[in-house]
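S.K.: Model the placement of chain B on the given structure of chain A, informed by the hints.
If you want the building blocks of each chain, they are given just below.
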Amino acid sequence: MSIADIVISMITWLFQKLILPVLPTNLPLFSFSDLQDILAGTLQHNLVYSFAGLSQIFNVRLLFILLSTIIAGEILFWLVKAGFFIVKLVRG
Amino acid sequence: MNSKQRNKGIPIPQPALKLLILTAIFLFLLLIGGTVFGASPFTDDFEGYSIGDLSGQGGWATSSPYSSWEVSTTTVEVGNQSIDCYNGYCGNTRTGTQVASGKWVFWTYAGYDYSFGFWIKEGSSDICRVDVGHDTIWYYNGGFVDTGWELVYNDYQSLQIEWNATTDQCRIQYTVGWSDWFDAYDTFDYIDRLDIFATEFPNGDRFIDYISDAVELPCEVEHCGYCLTSTSCISADCSWYYSIYLQEYSCVPFFEPSPEECGSFFKCNYCGDQTTCEAELNCEWTDRGVGTQCYMQEPTVPPAQIDWEVPDIDDCSSLPALDTIVCEIKNLISGAIMPSQEKLETMYQTLGAFKEKFPFNYIGILNDFFTDITTDLEATTTIPIKILGATSTVSFTFWDATTTIGGQEESFKNILFDFTTFLVLMGWFVWFISLIKRFF
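Line order of the protein sequences matches chains A and B.
Adding 5 to a residue's 1-based position in the first sequence gives its number in this note's numbering.
Adding 44 to a residue's 1-based position in the second sequence gives its number in this note's numbering.
So that you can see chain B by itself, here it is in the shape it has in the complex:
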């Protein structure tokens, strides 16, 4: 192998070399500001501008003969500033980089029903126009076309305009999906300019904020849902939350519990004075070492449930001699017969455990169920009714209507009660006879 051959290294095929060079040239053209795809000519959030005329700031100029939109802090979607047109006729223009096929996203706020809109242009040539107003969204297609989309009032809503220089078409999106592609005013190679205008006079606020190339808003405390990482989420004063249901993390507004109100039990400590404290159940106004406050009352531990307590033996020391002997004999017999308290408690606990075993626990719960049902069914309630728009409650006064049976006055309720009782007893008696018959 000679030195010339050694310097060649790994040979690069000619077609691949050409492709590499062309890619490098293309990237270079992009870098120096040529026509690009899939972006927007410029973005703007109107932050850092002076309050007042937009014209003269950030590359914006007034579109003659209109007056300028004004930078405002009144109603914003992102950051602290937006632009506002209050005095009827406003128009501003700004030129950016050339984008052949791209998208602009505008956050729009309609305060009343008169339109404002967007012209996207190639230089000074109108290409696509979209209007917001008169309860809907319009686009221009040789004539104004009503999309039929309902306009959202008094709240920010994104409006997207996408263009394609290859097909010379545009399309828009508001609250619903994308519209069909519609033909532009004219053929075009790129978009580089935006005019925003308000051409109807009646005074009222119209706001535009955050012109960008993506519908996602910046990660900030008002838009926590757009924060994608824990770091950016926490930096924006939001909360990085893990959903057990979805099994994923998301960024949500920081949870601030609402101020608690004075109440019973665990809410006692929210009662600020003695009157409100003592009006609540189980609360007491007392000092437990850090000043007088409202506390939940200490729970009283119930005494151990013992059915029978062992009586104390008699004290014989103060009795006369003969009585002392009798007393001592009595105590001796008592001591021999009487169980100790400890043994009694053990037996009681053992029997308690026995009651928790099958079938006694099942029988016990059935008994409790019947008792609770019987108690709860005593409660009465009213039945509300509504007839031909008039509301009232069902009257049950007929239950108390009385009549005389066998010379004695009885209410309808009692008569029915006795009658149903008789039926129940008869039914039970039939069962009882069948049971006896089955035994024999």
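So that you can see chain A by itself, here it is in the shape it has in the complex:
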């Protein structure tokens, strides 16, 4: 067994024993399959059906990229605020 094998075994063990059992696959009130059904099913179909050809005159790709950055930015902001809140809570 090489040094790399030992390192990989450690990383794999950490993931398999400590991280994977803790992380959930589905959220209790909004499961992954529900999200998949809504996004890849109804919502996608309706959007494509309603706005077919829109991307010729409207930069849909840019809009989605910016929307993604907004979502990520708001989550980041919320996490920072939560961090500060916990720090204040601990410090009293």
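Hints were generated in silico from the structure; no laboratory data involved.
One or more of the hints may lead you astray.
To be verified - As a list, the in silico DSS-like pairs of lysine-lysine whose alpha-carbon atoms are at most 25 Å apart: (1) B:481 <-> B:457; (2) A:22 <-> B:399; (3) B:387 <-> B:401; (4) B:399 <-> B:387; (5) B:401 <-> A:22; (6) B:481 <-> A:93; (7) B:374 <-> B:387; (8) A:22 <-> B:387; (9) B:481 <-> A:86.
Stated by the list, open to error - Quick list of the computed label-pair ranges, beta carbon to beta carbon: (10) B:439 <-> A:25: 52 to 60 Å; (11) A:81 <-> B:393: 24 to 32 Å; (12) A:46 <-> B:434: 48 to 56 Å.
What the hints assert, rightly or not - Here are a few chain A residues that face chain B, going by a calculated C-beta distance under 10 Å: (13) 16; (14) 21; (15) 27; (16) 30; (17) 31; (18) 35; (19) 49; (20) 52; (21) 56; (22) 67; (23) 76; (24) 92.
Backbone N, C-alpha and C fix where the C-beta goes; we use that ideal spot for every residue, glycine too.
M.R.: Structure of chain B alone, referenced to chain A:
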């Protein structure tokens, strides 16, 4: 207790004894052919008769001065035979048992708009008359009364006539519900005779089939819905089917799948020759042991997705002595540092499982959604319109109209695209500034 008393057994009350005797007498009268209730004087499906004149068969006689209906196999509802009047004037009569209150059901077929009809009689006395023709159904009530019911052409339809000797009335039913009771020609005690006639001349087919006392048809392959048990259903070459929705069994016509057509993937085996086979997607014309046929191509299993494959160590056997030593040292170091393929695959699978966990799976599906939407929205379509009866499609040529901006020619489509892009970017920039402000 004396012997006389012992022989008496359980005493029967006198009123009950009288009722028992009267019931027995009544049943006896019924058996010997007295007037009955709730049936029809006779039934007939015209099966087993010789093709030709109905007269002289099954108790039927010709009603003078008409010619006879003819037994036919042309258009039937039940079995293989019905009766047909083609030559204008037809009339036949038959007498059966006496029925005080009962019902007759006739399956009638109107091939054209001239009438034929039914007289139900007490002996030779006309009691009730119903006509089929002139686009509707008529009954006689001292004068002909139009029911207003639409006549069904070129298909069999049941016509029911019910009579009641107590009230001296009749009523009829066709495609809709029962009519009101109407007075008979005369008072009557029973019905025992039927005359069927066609009194208008123009040539054309009129058929009557299956005269009975119930609207239900016999259980046979043409009328699977009337089979009530699995045995009778299967015997009639129908299929006994269980509906999960209704949660009950019913008899339905045997399902015969339509012949499949040559197509892609699982329909490859329906392609009869090499040309049609190879024209379809994922089909191949090959021999897999039972002769050359069209098959769906064997799916190709993709190789395991490994990001990095471990390189083989060098072969040092053919090198000169000094190079062999260097090569062996290099292999030793490589062996000590390089991971094995098995460990790499394990780590890859573990990371794959990690990507399937929250929040990475949710983020992944969102990413896929945006990608798919962006791709699908590229597609264009036409919008059909109809104005004052003229059909056309909406023209979008104005998008490609050009103008000159700053010395450069630009289409309307591109100008609008740039403008909306600018608006989107400005909106995002406003949000970004507000986010920064919220941080500080």
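S.K.: Are the Cα positions of residue 374 (chain B) and residue 387 (chain B) separated by 25 Å at most?
M.R.: With Cα atoms ~22 Å apart, residue 374 (chain B) and residue 387 (chain B) stay inside 25 Å; holds.
S.K.: Quick check on residue 21 (chain A) please, does its C-beta sit within 10 Å of some C-beta on chain B?
M.R.: holds, 6 Å
S.K.: Holds or violated: 24 to 32 Å for the Cβ distance of residue 81 (chain A) and residue 393 (chain B)?
M.R.: holds, 31 Å
S.K.: Report holds or violated for the interface hint on residue 35 (chain A), using the least CB-CB distance to chain B and a cut-off of 10 Å.
M.R.: OK, holds: residue 35 (chain A) within 10 Å of chain B, min 9 Å.
S.K.: That 52 to 60 Å hint for residue 439 (chain B) and residue 25 (chain A) (C-beta), does it hold up?
M.R.: Given a distance of about 57 Å, which is inside 52 to 60 Å, the answer is holds.
S.K.: Is the shortest C-beta separation between residue 30 (chain A) and chain B less than 10 Å?
M.R.: Because about 6 Å separates residue 30 (chain A) from the closest Cβ in chain B, which is inside the 10 Å limit, the hint holds.
S.K.: Less than 10 Å between beta-carbons is the criterion; does residue 76 (chain A) satisfy it with respect to chain B?
M.R.: This hint holds: residue 76 (chain A) lies near chain B, its Cβ roughly 8 Å from the closest one there, short of 10 Å.
S.K.: Classify the hint on residue 52 (chain A) as holds or violated, based on whether any CB of chain B lies nearer than 10 Å to its CB.
M.R.: holds, 6 Å
S.K.: Taken at face value, is the distance from the CA of residue 387 (chain B) to the CA of residue 399 (chain B) at most 25 Å?
M.R.: holds, 19 Å
S.K.: Between the alpha carbons of residue 481 (chain B) and residue 93 (chain A), is the straight-line distance 25 Å or under?
M.R.: holds, 21 Å
S.K.: With chain B as the partner, please determine if residue 16 (chain A) meets the hint condition of a C-beta pair closer than 10 Å.
M.R.: holds, 6 Å
S.K.: Are the Cα positions of residue 387 (chain B) and residue 401 (chain B) separated by 25 Å at most?
M.R.: holds, 22 Å
In summary, the numbered hints that this structure violates are 1, 12 and 24.
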